[in-house]
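Student: Chains as they are written, first to last, in my numbering: chain A, 613 to 879; chain B, 551 to 776.
For the record, the hints were derived by calculation from the structure and aren't laboratory data.
Be careful, since some hints might not be right.
Unchecked claim - Short derived list, chain B residues pointing at chain A, Cβ under 7 Å:
no.: 1; residue: Lys586
no.: 2; residue: Ser588
no.: 3; residue: Gly651
no.: 4; residue: Ser655
no.: 5; residue: Val659
no.: 6; residue: Gln664
Unchecked claim - Derived DSS-like pairs (lysine-lysine); straight-line CA-CA distance at most 30 Å:
no.: 7; chain 1: B; residue 1: Lys718; chain 2: A; residue 2: Lys623
no.: 8; chain 1: A; residue 1: Lys782; chain 2: B; residue 2: Lys620
no.: 9; chain 1: B; residue 1: Lys620; chain 2: B; residue 2: Lys586
no.: 10; chain 1: A; residue 1: Lys782; chain 2: B; residue 2: Lys718
no.: 11; chain 1: B; residue 1: Lys685; chain 2: A; residue 2: Lys742
no.: 12; chain 1: A; residue 1: Lys681; chain 2: A; residue 2: Lys796
no.: 13; chain 1: A; residue 1: Lys774; chain 2: B; residue 2: Lys685
no.: 14; chain 1: B; residue 1: Lys580; chain 2: A; residue 2: Lys623
no.: 15; chain 1: B; residue 1: Lys718; chain 2: A; residue 2: Lys796
Every residue, glycine too, gets a C-beta built ideally from N, C-alpha and C.
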Amino acid sequence: MGEAIVITSGKGGVGKTTTSANIGTALALQGKRVCLVDTDIGLRNLDVVMGLENRIIYDLVDVIQGRCKIHQALVKDKRFEDKLYLLPAAQTTDKTAVEPEQMKTLIDDLKQDYDYIIIDCPAGIEQGYKNAVAGADKAIVVTTPEASAVRDADRIIGLLEKEEGVEPPKLVINRIRSHMVESKGMMDIDEVTTHLSIDLIGIVADDDEVIKASNHGQPIALNPDNKASIAYRNIARRILGESVPLQHLDNKEKGMFTKIKRFFGVR
Amino acid sequence: MKKTQNVTIKGTKDGLTLHLDDTCSYEELKQELDRKLSNSSRVQEDNKLLTVKVQVGNRYLSDEQKEELKDLIRQKRNLIVDDIETNVLTKEEAERLKREGEIVSIARVIRSGQVVEVLGDLLLIGDVNPGGTVKASGNIFIMGSLKGIAHAGCEGNDEAVIAASVMKPSQLRISDSINRAPDHSSDEDERSMECAYISENHQIIVDRLQALIQQRPNLTRFEGGR
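Model the full structure from these sequences, guided by the hints.
Tutor: Below, the structure is given as structure tokens:
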């Protein structure tokens with residue numbers, strides 16, 4: 613019996629879909645059987661980020677309305693043999709085509725076959741959000757270090773706390789620009805976590821490579837050397853129960869001497 | 551023949567008081583009140599309005615009955631009912647009174663979009679985040695930081711106060727007064743352990759917590775100690 617994790621944020625454009633794709637990828641790389649579910653009906657794009665757009669035959673609404681079986685709609689990601697699948701959202705209808713109860717049944721079915729169900733939630737707090745949360749056991753709230761995103765994350769956390777059957781949400785702070793944090797132009801990690809007062813499960817630095825990778829349909833988590841990729845892999849390891857320290861964000865290239873000093877614990 | 555009168559009128563230096571007996575039936579009472587007031591119609595001929603207090607003893611009057619008595623008294627004479635006093639409270643009223651006098655403690659974060667409303671005083675162990683609202687009919691005490699909206703004395707109590715460990719509200723409301731944060735507040739100034747109250751000229755004043763000792767001595771309920 614697997615567990616279902618909903619990735620949500622309230623605000624749009626903070627990186628829910630990217631986070632879903634990369635956490636899913638990283639979990640699959642760890643050898644888990646993962647199913648990604650896109651619940652953004654009408655505005656799907658998890659398939660684009662995963663590079664699976666042209667293999668879609670059936671979608672979530674087809675499954676729920678009984679036009680096909682679940683396994684017919686699931687798109688297999690060939691990069692991971694039998695580990696990673698995607699259930700794409702419908703593009704032709706809207707979010708009212710699905711009821712939270714139906715969604716819950718669907719997720720419960722998927723939990724029989726997969727270790728992790730990653731549910732990509734649409735922005736907002738209406739029907740689409742309710743559908744996405746209906747079947748979830750855990751929740752990850754994505755925010756960026758901006759006042760507006762943090763405000764919406766706060767709202768979503770309040771709603772998630774009321775949701776029965778969902779564990780207290782965990783926080784991912786995305787797109788941190790360390791030079792802006794240093795110059796006080798951006799909220800720092802402490803500010804965000806004390807404000808939202810929930811557990812932090814990962815921090816991801818802002819990186820152009822992430823966008824480039826998404827555009828190519830290759831989630832950044834596939835790249836073993838990238839900093840953002842390592843951040844997503846760390847989140848996956850934390851989901852699996854490992855305790856992994858947070859990344860250092862200062863991306864300034866340190867000289868050899870400072871590296872040696874740090875090695876010996878001299879600041 | 552009745553032995554005692556059901557309605558007695560007494561004049562004190564504060565004005566007239568109508569004592570209505572609480573052992574007779576309501577209908578009897580109404581009849582006698584009607585008669586009494588008609589009898590004494592010659593007492594005063596000038597049109598000066600007099601306010602009267604009505605004492606009903608241990609009789610429970612519903613709101614309609616109260617209105618009926620008020621109308622009755624108002625029609626007959628140039629009398630205006632100031633107040634109807636009764637010794638009886640319904641269970642609901644009593645419970646409400648009790649709750650209004652209590653301190654409700656809540657341990658959680660009030661997040662954006664959430665509204666918490668209590669009867670009585672509120673003791674919040676946690677923060678009020680921007681976009682969150684706390685309301686109390688009495689005082690509000692916040693152990694964490696207040697960054698949202700706090701509304702004390704929300705049923706119209708000017709004496710109510712708001713106190714917070716960190717006072718950075720987006721808005722403060724006490725009774726009918728509203729005070730909002732300055733548009734350009736610097737993050738540097740420590741706004742810790744502060745309180746807000748309504749001053750004599752109906753402005754919300756934010757001050758250090760210790761000011762409450764002078765401004766609202768009634769906050770102390772503790773008696774004794776040495």
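Student: All the hints need checking, so say for each whether the structure fits it.
Tutor: Here is how each hint holds up against the structure:
1. Lys586: violated, 60 Å
2. Ser588: Status violated, d = 63 Å.
3. Gly651: violated, 30 Å
4. Ser655: Result: violated, 18 Å to nearest chain A Cβ.
5. Val659: Val659(B) check passes; min Cβ-Cβ to chain A is 5 Å, inside 7 Å.
6. Gln664: Holds, because the Cβ-Cβ distance from Gln664(B) to chain A comes to roughly 5 Å (cut-off 7 Å).
7. Lys718(B) to Lys623(A): Cα-Cα ~24 Å, so holds.
8. Lys782(A) to Lys620(B): With Cα atoms ~62 Å apart, Lys782(A) and Lys620(B) exceed 30 Å; violated.
9. Lys620(B) to Lys586(B): With Cα atoms ~15 Å apart, Lys620(B) and Lys586(B) stay inside 30 Å; holds.
10. Lys782(A) to Lys718(B): holds, 26 Å
11. Lys685(B) to Lys742(A): Holds - the C-alpha atoms of Lys742(A) and Lys685(B) are around 28 Å apart, at most 30 Å.
12. Lys681(A) to Lys796(A): Judged against 30 Å, a Cα distance of about 52 Å means the pair is violated.
13. Lys774(A) to Lys685(B): holds, 20 Å
14. Lys580(B) to Lys623(A): Status violated; Cα separation ~65 Å.
15. Lys718(B) to Lys796(A): holds, 19 Å
When each numbered hint is compared with the structure, violations occur for hints 1, 2, 3, 4, 8, 12 and 14.
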